[in-house]
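Engineer: Just so you know, the protein sequences line up as chains R and W, in that order.
Note that the first sequence ends on residue 859 in my numbering; no numbers are left out.
Note that the second sequence ends on residue 368 in my numbering; no numbers are left out.
Please note: incorrect hints may appear among the correct ones.
Quick list of in silico lysine-lysine cross-link-like pairs, DSBU-like style, CA-CA up to 35 Å [claimed, not checked]:
1) W:K263 to R:K805
2) R:K763 to R:K723
3) W:K150 to R:K831
The set of hints was computed from the structure by calculation and includes no laboratory data.
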Amino acid sequence: MPISPIQQTDAVRGHFFGTVTTNELLCREHYRLTVEVRDFPRSHPGQFAQILCVPDAQTAAVPADVKSLDSPVPPLTELSWQPAQPPPHFHDRFFAGAAAYLRRPFSIADRRDRVATATTAHVCELDFIYRVIGKGTRGLASMRPGQRLSLLGPLGRGFDVSPEIGPAILVGGGVGIPPMIYLAKVLHEKKIAAMALAGAQRRDLLPLKISPGNGPPAPVPTPSQAVDEFARYGFPSMISTDDGSLGFKGYVTGMLENILTAFSTDQRKRAVIFCCGPTPMMRATAAVAAKFAVRCQVSLEQPMACGMGTCQSCIIKYQPPGQKQWVHKLTCTDGPVFRAEDILW
Amino acid sequence: MIGWRCQYFTLAWFLGKLPIMSTTIGNLNASVTAPTPDISVQLKNLRMANPVMTASGTCGYADEYANFADLSKLGAFVTKSISRQPRPGNESYRVVETRAGMLNAIGLANIGLERFLAEKVPILEKMGVPVIVNVPGWSMDDYADVAEQLDQQVPVVAGIELNVSCPNVKSGLSFGTDPMRLAELVAHVRRRVTRCTLIVKLSPNVTDIAVTARAAVEAGADCLSLVNTFTAMAVDIEKNRPVLANGTGGLSGPAIKPIAVYMVHRVYSTVAKTHNIPLIGMGGIQTWQDAAEFILAGASAVAVGTALFIDPSIPQQIAEGLRGYLLRKGKSSIREIVGTLAMG
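Please model the complete structure; the sequences and the hints are all you need to start from.
Structural biologist: Here it is in structure tokens:
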């Protein structure tokens with residue numbers, strides 16, 4: 515039993531400036547920001563970036579080549595606040611009390627790479643899906659195509675996707691869903707069978723594209739191809755909402771129990787659960803995984819100032835089975851992905 | 025050394041992208057006839073190639089920022105607090121962002137002296153910049169034992185910074201806020217530190233910082249660093265509890281900068297200038313303009329803390345910015361402007 519956190523050897527990371535290409539409303543309070551970054555290093559699902567949620571002043575003014583500012587970003591009328599105006603000067607970005615001061619961590623929701631050619635550089639399109647909850651995400655929602663954005667990444671250790679997994683069960687709750695989209699892509703590339711369970715409080719807080727024509731999400735936990743983000747890789751999915759406004763009424767863990775109950779002992783042995791969501795939901799998922807003796811990796815979130823392992827604020831209690839005493843581990847550099855059984859919940 | 029630099033290919037790319045850096049370098053190239061101003065600094069035995077160092081607790085133990093900044097460009101590297109024994113630190117939450125600042129109560133979580141010596145010192149030796157180790161303590165010997173061991177056994181350590189003011193640990197507060205106890209502590213450590221520059225990091229949580237500054241200097245401090253964080257609190261109004269698990273925390277960031285500038289000027293004009301004691305100014309520094317304010321107010325060197333969380337390359341940007349400022353002001357050395365603030 516290895517007692518170190520999940521290992522990943524390629525630790526290339528850095529400070530990058532990207533250009534916002536789209537920043538679109540997906541559902542109530544949830545946006546998808548797409549940023550083009552040159553030479554962004556290799557990354558893993560579950561890794562994150564620390565984003566400065568204020569546009570870089572070099573491009574804070576409206577760039578001439580952006581024809582319509584309104585069309586790419588939907589109006590923010592659903593929200594009770596007005597987006598903050600970007601500060602006019604480079605140095606002011608640190609000072610405005612209305613703007614976020616520290617960076618904010620966001621898991622990578624997807625990436626698309628255009629490889630370098632003789633005349634063009636390697637460009638990576640990174641997706642981040644976020645929910646507007648405070649001044650950081652409010653600032654992020656104010657960003658427009660063409661604006662420059664500073665990010666540190668890819669940070670942390672992502673999900674451990676070893677080829678002998680089968681099947682993978684993706685369990686995402688609310689803002690924990692985004693890394694599952696990226697994970698689905700990588701699982702597909704590695705030809706690993708997977709299914710996805712996604713939960714939200716309500717139908718309008720689910721940042722996924724539902725195509726009911728592909729078999730609508732059913733009130734009973736039945737897999738369908740209704741969620742585009744997973745169906746595009748042929749992965750079945752199930753939706754749950756707390757109020758039953760879409761799919762199964764209840765929690766993702768209810769659906770998970772159903773699935774694992776139906777699994778054979780051999781299937782449970784080979785299956786791996788990948789989980790990201792609010793802490794109570796991950797704790798419950800870890801308990802279900804333990805009950806059925808299924809391996810489970812969780813991507814944790816803690817308040818974080820730096821993301822680089824220096825501020826020591828994003829601590830979790832880590833105690834692998836067999837270890838006598840818990841120790842603090844950092845969510846940012848030792849995680850965010852840990853084996854569920856190693857966490858003192 | 026070449027191997028060390030080569031790892032940071034992303035840095036070269038980043039520097040090329042950085043508007044401030046490229047502009048400053050461009051200006052320097054354009055005026056090749058003017059001599060490059062000397063920005064080196066001497067803090068007693070500690071020589072720095074430039075006046076910008078990191079602030080303790082914001083830059084880890086050694087190379088955590090290696091992918092994000094060229095650490096060999098630092099004037100000095102100041103470690104996280106290293107205590108005799110490892111410490112787990114406080115419970116979560118340990119940080120919270122406040123308006124234009126940050127509140128932290130980490131609780132001096134650290135790996136302890138033994139692991140620091142075994143795991144981090146070899147990395148620091150390769151960094152090629154002077155190292156200052158921040159030393160906390162709960163008794164006079166806590167400080168003196170760690171300081172003496174570093175002074176006598178670790179050549180790469182050029183300075184010891186006594187953390188007498190960390191407001192997060194109840195028993196640590198009294199050394200930094202009581203001039204008598206502070207003098208006693210500094211004299212005690214002074215007897216056992218002979219090689220390293222002995223720096224006392226002053227707490228701002230006092231009525232008059234000149235009083236504790238004088239106590240530290242007269243007890244034998246080589247240098248003072250100021251200010252540490254301000255004891256502060258943030259309240260979760262839904263839960264009717266402090267946000268931080270510790271209750272109180274230390275406030276840092278731009279919110280405290282003007283108070284820190286004032287305190288540097290106060291200490292410079294009342295104590296440091298007459299005793300010829302160099303000051304390290306810190307508190308909310310993010311730009312070279314901020315650093316210049318501290319230097320004019322009386323600081324010989326400056327430290328960047330919380331801003332490193334946003335961009336670990338800020339110290340080198342500040343060093344280049346200061347060089348450009350001196351050039352524009354027609355100064356040949358940064359020492360010419362220290363404490364030259366004209367009052368009245």
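Engineer: Hint by hint, say whether it matches the structure.
Structural biologist: Cross-check of the supplied hints:
A distance of roughly 33 Å separates the Cα atoms of W:K263 and R:K805; the hinted pair therefore holds under the 35 Å criterion. Distance check on the hinted pair: R:K763 and R:K723 sit about 19 Å apart at the alpha-carbon level, within 35 Å; holds. This hinted pair checks out: W:K150 and R:K831 have alpha carbons roughly 32 Å apart, not beyond 35 Å.
Going through the hint list in order, the structure satisfies each hint without exception.
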